[in-house]
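2 protein chains.
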Amino acid sequence: MRKNSIGIGLTGLGVIGGGTVKVLLGKPEALARSTGSQLVLKRVVEIDTTKHGAMGIPRNLFTTKFSDLLNDPDIDIIIELIGGEHPAFEYIQDALTHSKHVVTANKEVMSKHWSELLSLARKHNVALRYEASVGGGIPLIAPFQEDLIANDISAIYAIVNGTTNYILTQMAKEGTDFAVALKQAQELGYAEADPSKDIDGVDAAYKLAILATIAFGTEITPDKVYNEGISRLQARDFRYAKELGYAIKLLAIAKRTDNSIEARVHPVFIPEDFLLAKVDGVYNAIDVEGDLVGKLIFYGQGAGPSATSSAVIADIVSIAQDINRGTITLPKLPSAKGRTVKPMSEIETRYYMRMNVADKPGVLAQISRVLGDHNISISSVIQKERDPSTQLAEIVIMTHRAREKAVQQALEETQHLAVVKEISNFVRVEA
Amino acid sequence: MRKNSIGIGLTGLGVIGGGTVKVLLGKPEALARSTGSQLVLKRVVEIDTTKHGAMGIPRNLFTTKFSDLLNDPDIDIIIELIGGEHPAFEYIQDALTHSKHVVTANKEVMSKHWSELLSLARKHNVALRYEASVGGGIPLIAPFQEDLIANDISAIYAIVNGTTNYILTQMAKEGTDFAVALKQAQELGYAEADPSKDIDGVDAAYKLAILATIAFGTEITPDKVYNEGISRLQARDFRYAKELGYAIKLLAIAKRTDNSIEARVHPVFIPEDFLLAKVDGVYNAIDVEGDLVGKLIFYGQGAGPSATSSAVIADIVSIAQDINRGTITLPKLPSAKGRTVKPMSEIETRYYMRMNVADKPGVLAQISRVLGDHNISISSVIQKERDPSTQLAEIVIMTHRAREKAVQQALEETQHLAVVKEISNFVRVEA
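Those protein sequence lines, which keep their order, are chains A and B. The first sequence begins at 1 in our numbering and counts up one residue at a time. The second sequence begins at 1 in our numbering and counts up one residue at a time.
If you are wondering where the hints come from, they were derived from the structure by calculation, not from laboratory data. Glycine included, each C-beta is placed from N, C-alpha and C at the ideal position. Incorrect hints may have been included.
[As the list claims (entries may be wrong)] Under the rule of at most 27 Å between Cα atoms (straight-line distance), these lysine-lysine pairs were calculated in the DSS-like manner: (1) B:Lys197 to A:Lys255; (2) A:Lys295 to B:Lys337; (3) A:Lys360 to A:Lys342; (4) B:Lys295 to A:Lys112; (5) B:Lys337 to A:Lys197; (6) B:Lys278 to A:Lys173; (7) A:Lys278 to B:Lys27; (8) A:Lys3 to B:Lys337; (9) A:Lys242 to B:Lys22; (10) A:Lys255 to B:Lys22; (11) A:Lys22 to B:Lys337.
[Claimed, not checked] Pairwise CB distance ranges, derived in the manner of DEER restraints: (12) A:Ser119 to B:Arg2: 19 to 29 Å; (13) A:Leu188 to B:Pro334: 48 to 58 Å; (14) A:Lys3 to B:Asp74: 31 to 41 Å; (15) A:Ile47 to B:Thr257: 48 to 58 Å; (16) B:Asp74 to A:Ser115: 46 to 56 Å; (17) A:Ser119 to B:Pro73: 50 to 60 Å; (18) B:Glu90 to A:Asn4: 39 to 49 Å; (19) A:Glu85 to B:Asn324: 45 to 55 Å; (20) A:Lys384 to B:Gly281: 49 to 59 Å; (21) A:Lys3 to B:Arg401: 18 to 28 Å; (22) B:Asn324 to A:Ser67: 33 to 43 Å; (23) A:Asn375 to B:Ala32: 28 to 38 Å; (24) B:Thr257 to A:Gln186: 35 to 45 Å; (25) B:Ala32 to A:Ser115: 52 to 62 Å.
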């Protein structure tokens, strides 16, 4: 039974909230055509009530109390766009408990409180949608859950953080060091004043947790995702990568075997002819591998008010359509049992190692012996710069596939060799 | 009210049909989990009844008569995978009229008989889904109709034909001529014995008609799509393109302005740093531009039994879920009125022209004058090879934006200049 009007309450009038309001107020006819109802913005929770002017929101819609959304019987859908874990988590809980449908872009809350929130939504027979939580406007959640439903997904390789991808692109193209590229990103508004969640890989880990949970049907919380940021990378790593035919990207990687899952975020060398290697600037790209579909890549703007509001509005429209059809699509709980996340020490991949060593014969033999003792075989060694004044040389070693634990132990031992001044960096390689 | 079992009838046991049956028979538990019902293959229409052995289909499911699907009350969904316009169109009509839900991968039927079939499905209150008709396993129809619903889509640039993309990739990488690359594609099974629908751009035009109709909400039939194939391209066009910083791709392009639509399939020069320029081999990629979401690209396998069956099964699952929820998602009819397809002569773009001219002073002045008379300005001219024996030189001209009609007239006139031996090729440029 069709409703003439579907009421919407919104909390969080920041960048994405502003973008969402702009669409709700700016495209009423198109939204009504898509849903069969007027989508009416009923209430906006915002402490700064002066914001309404610039956004063209009638002043009387403003409230400072979230409970005003909960208690308004004309509000069917609550949009949570305040971000951060608290109080967003409690707000979403309250909304679901009050039988309000919820749309959120909150990757932190969704990844950390996944099953609790989904169960709550199911219990109260309401929808909980979060397409905007990963990849901004790029359709991912719905395609994973619907279009790829016949597939067993084996792997995800994703660039899901625009800030770090911008910084890495600058480092690669301009030869700048990390600190310079970060400052530039901050000046352009691509990085926040406190950029730690982005550059440390935390934001990407939230997003990977969501994607991997959906793709593999096993709940993966962010604490299970290994994460390592980009601040150790130096301009010379990019030079050497390029010489070797690789690009460096911060990848969020999830892989499934029969009974275990890898979930990790860290810088990766990828061959420069991979499409992901060509994803530059603030763009995101998500490569997913399914048994039927093979390799699929979704590419687009992973952030920004317009792109993200595209996903928020799609979720609202979907719920409104369901309301009018009299059937609510309840969120799906992870169904696969018995798979555990593999400890990082157990993963296997290839490695790039850069070190400063004594510039004299026999050094490489010593290093190779340590690596060999740990079953790590070298695929190539390149001697880069040598400094006659210090008698040191920089060498770059690329290994064949080896186990992380063995590599860590070998690096620890290598570091203690008299001929090794410093292990300057090591980066995993996916090929 | 949930059904324990949902019956499926299939017509067309070719490559995609075989792939679909493999999934239906191979993943029954997963499909039951997704839908809440057993998806049971009830009947397969196939003249060659010896096929069942290799596919593991019980012999008693085979029939040679399509009417056996129509008259079986246990069949809820009919899958049409025979391809081609007839009798597939009549089969789909019959199925809808018999209140069977239909899933098809048939781009020709869908693009040519769009509104008739959609109206018929709506009239009989059944679903008609066709995700597999464009881009194989790449999710497109559902993302366009659902995830991008808040967007005004302004343009689509798509590589939707794997055969031609394979041929163009070979020509670019190996420097082979068209005939050689085509033969190679045929030997590898990437091109059919009669490859005309692929290489002439007809297949891409069907797919573009479908995507543009959905994206713009205006019915665009294939006869409205300009199409030009790839057989005029020569190895030297790829060499010159590369020197100028371009790749050559067969693009399906649709653009919308307020009251008109461009819809065209033809070879295009695109800057080599565009992601679409990196899409090689049989892969497909669809670039869509929305007012909110900006640029989105979907990349994956556009053909093949597994990838395509991924989309067919997703459609079946979606219908089965709807059946169990007691609500059918009826196909949407195009809603936008008043937009017409712009004649090809009216489009504006940049052009690459290659010609053989007399190798003497003043020739370029004559050609420039003709182009100038038609308001076409030259952005660069390169003299390529010169042949002392014939006194001829090959020149390549790149123009600024110009109108197609003017370019065609100018080329016609240029051809009649005494100093011009031949207009060897011209290709449109998108940048």
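Cross-check of the supplied hints:
no.	hint	verdict
1	B:Lys197 to A:Lys255	violated, 39 Å
2	A:Lys295 to B:Lys337	violated, 38 Å
3	A:Lys360 to A:Lys342	violated, 41 Å
4	B:Lys295 to A:Lys112	violated, 30 Å
5	B:Lys337 to A:Lys197	violated, 47 Å
6	B:Lys278 to A:Lys173	holds, 19 Å
7	A:Lys278 to B:Lys27	violated, 36 Å
8	A:Lys3 to B:Lys337	holds, 26 Å
9	A:Lys242 to B:Lys22	violated, 43 Å
10	A:Lys255 to B:Lys22	holds, 25 Å
11	A:Lys22 to B:Lys337	holds, 25 Å
12	A:Ser119 to B:Arg2: 19 to 29 Å	holds, 21 Å
13	A:Leu188 to B:Pro334: 48 to 58 Å	violated, 41 Å
14	A:Lys3 to B:Asp74: 31 to 41 Å	holds, 37 Å
15	A:Ile47 to B:Thr257: 48 to 58 Å	violated, 43 Å
16	B:Asp74 to A:Ser115: 46 to 56 Å	violated, 38 Å
17	A:Ser119 to B:Pro73: 50 to 60 Å	violated, 39 Å
18	B:Glu90 to A:Asn4: 39 to 49 Å	holds, 41 Å
19	A:Glu85 to B:Asn324: 45 to 55 Å	violated, 36 Å
20	A:Lys384 to B:Gly281: 49 to 59 Å	violated, 35 Å
21	A:Lys3 to B:Arg401: 18 to 28 Å	violated, 49 Å
22	B:Asn324 to A:Ser67: 33 to 43 Å	holds, 37 Å
23	A:Asn375 to B:Ala32: 28 to 38 Å	violated, 44 Å
24	B:Thr257 to A:Gln186: 35 to 45 Å	holds, 38 Å
25	B:Ala32 to A:Ser115: 52 to 62 Å	violated, 22 Å
When held up to the earlier numbered hints, the structure conflicts with 1, 2, 3, 4, 5, 7, 9, 13, 15, 16, 17, 19, 20, 21, 23, 25 and fits the remainder.
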